[in-house]
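Peer 1: One letter stands for each residue in the lines below.
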Amino acid sequence: DAKTTQPPSMDCAEGRAANLPCNHSTISGNEYVYWYRQIHSQGPQYIIHGLKNNETNEMASLIITEDRKSSTLILPHATLRDTAVYYCIAPPPGGSYIPTFGRGTSLIVHP
Amino acid sequence: GAGVSQSPSNKVTEKGKDVELRCDPISGHTALYWYRQSLGQGLEFLIYFQGNSAPDKSGLPSDRFSAERTGGSVSTLTIQRTQQEDSAVYLCASSLRQDPGNTIYFGEGSWLTVV
Chain A
1 DAKTTQPPSM DCAEGRAANL PCNHSTISGN EYVYWYRQIH SQGPQYIIHG LKNNETNEMA
61 SLIITEDRKS STLILPHATL RDTAVYYCIA PPPGGSYIPT FGRGTSLIVH P
Chain B
1 GAGVSQSPSN KVTEKGKDVE LRCDPISGHT ALYWYRQSLG QGLEFLIYFQ GNSAPDKSGL
61 PSDRFSAERT GGSVSTLTIQ RTQQEDSAVY LCASSLRQDP GNTIYFGEGS WLTVV
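From first to last, the protein sequence lines stand for chains A and B.
Residue numbers are given in the working numbering: position 94 of the first sequence equals residue 94, and the series is strictly consecutive.
Residue numbers are given in the working numbering: position 74 of the second sequence equals residue 74, and the series is strictly consecutive.
These are calculated hints, taken from the structure and not from any lab test.
Just so we're clear, the structure is a prediction, and the values are computed from it rather than from any experiment.
Note that the Cβ used here is the ideal one computed from N, Cα and C, for glycine as well.
There could be a bad hint or two in this list.
Unchecked claim - Among chain A residues calculated to face chain B with C-beta under 10 Å, some are:
#, residue
1, 23
2, 25
3, 46
4, 99
Unchecked claim - Pairwise CB distance ranges, derived in the manner of DEER restraints:
#, chain 1, residue 1, chain 2, residue 2, range
5, A, 17, B, 61, 36 to 42 Å
6, A, 9, B, 71, 40 to 46 Å
7, B, 52, A, 56, 43 to 49 Å
8, A, 5, B, 2, 43 to 49 Å
9, A, 15, B, 63, 49 to 55 Å
10, B, 115, A, 3, 37 to 43 Å
11, A, 56, B, 28, 26 to 32 Å
12, B, 66, A, 81, 33 to 39 Å
Please construct the entire structure, taking both the sequences and the accompanying hints into account.
Peer 2: Written out as structure tokens, the structure is:
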């Protein structure tokens, strides 16, 4: 699976947009970009995924660059409950795959 | 159930005792994963089951750790002769292999404390 690189930490003011970047320059054409988050003391939670087009759901938006070498997860109106570690991964499609979670980005949303 | 269910949610055990942790994956999910996470650390892969294939045990830290999955559904992770360094949250996840990109769904974990 493609290696991903994320900043170790970020902070954001409550109510503002949180933009979390991820670099995946070695991603192949059929590898999706997935985002998960882990709120303290809880299991990781799926957020969103995409292949080429930008995606939006009730939790977040995912912007993928045209060359697919990077992406940005956007939390449009961050709340204190969005404080968590955010993981970006690019697993290969199908087959036997063991997701590897790096250190992710620790997002702190402050009042 | 609707999600991945794990039990017990919390377990305190004495050093040297054996413990069993249970995972009930999402119905129909063929892939099941066990991870552990020590305090302040990242997720460490332990073992992976996929359908009827032989499990990938490459992440098990020692022969004190074992896991089985009966009937392609429920899984049990067993830790024998527990040590204090085994204290961690043990997370189970499942996925539907046919799902493009393999979205995985985690349980809330079993918190193990070895005293």
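Peer 1: Next step is simple, just say for each hint if it's right about the structure.
Peer 2: Okay, the hints, checked on the actual structure:
Among the interface hints, the one on residue 23 of chain A is violated; its C-beta lies about 18 Å from the nearest C-beta in chain B, farther than the 10 Å criterion. At its closest, the beta carbon of residue 25 of chain A sits 18 Å from a beta carbon of chain B; the interface hint therefore is violated under the 10 Å criterion. Restraint check, residue 46 of chain A versus chain B: the minimum CB separation of about 6 Å is within 10 Å; hint holds. Taking 10 Å as the C-beta cut-off, the interface hint given for residue 99 of chain A holds, the closest approach to chain B being about 6 Å.
For residue 17 of chain A and residue 61 of chain B, the Cβ-Cβ distance of about 41 Å falls inside the hinted range of 36 to 42 Å, so the restraint holds. Between residue 9 of chain A and residue 71 of chain B the Cβ separation comes to about 43 Å, which falls inside the hinted range of 40 to 46 Å. The hinted range of 43 to 49 Å is not satisfied by residue 52 of chain B and residue 56 of chain A, whose Cβ atoms lie roughly 38 Å apart. Between residue 5 of chain A and residue 2 of chain B the beta carbons are some 34 Å apart, a value that contradicts the proposed interval 43 to 49 Å.
About 52 Å separates the C-beta atoms of residue 15 of chain A and residue 63 of chain B, a value consistent with the hinted range of 49 to 55 Å. At roughly 39 Å, the beta carbons of residue 115 of chain B and residue 3 of chain A sit within the given window of 37 to 43 Å. Taking the beta carbon of each, residue 56 of chain A and residue 28 of chain B are about 27 Å apart, inside 26 to 32 Å as hinted. In this structure the supplied range 33 to 39 Å holds for residue 66 of chain B paired with residue 81 of chain A, their Cβ-Cβ distance being about 37 Å.
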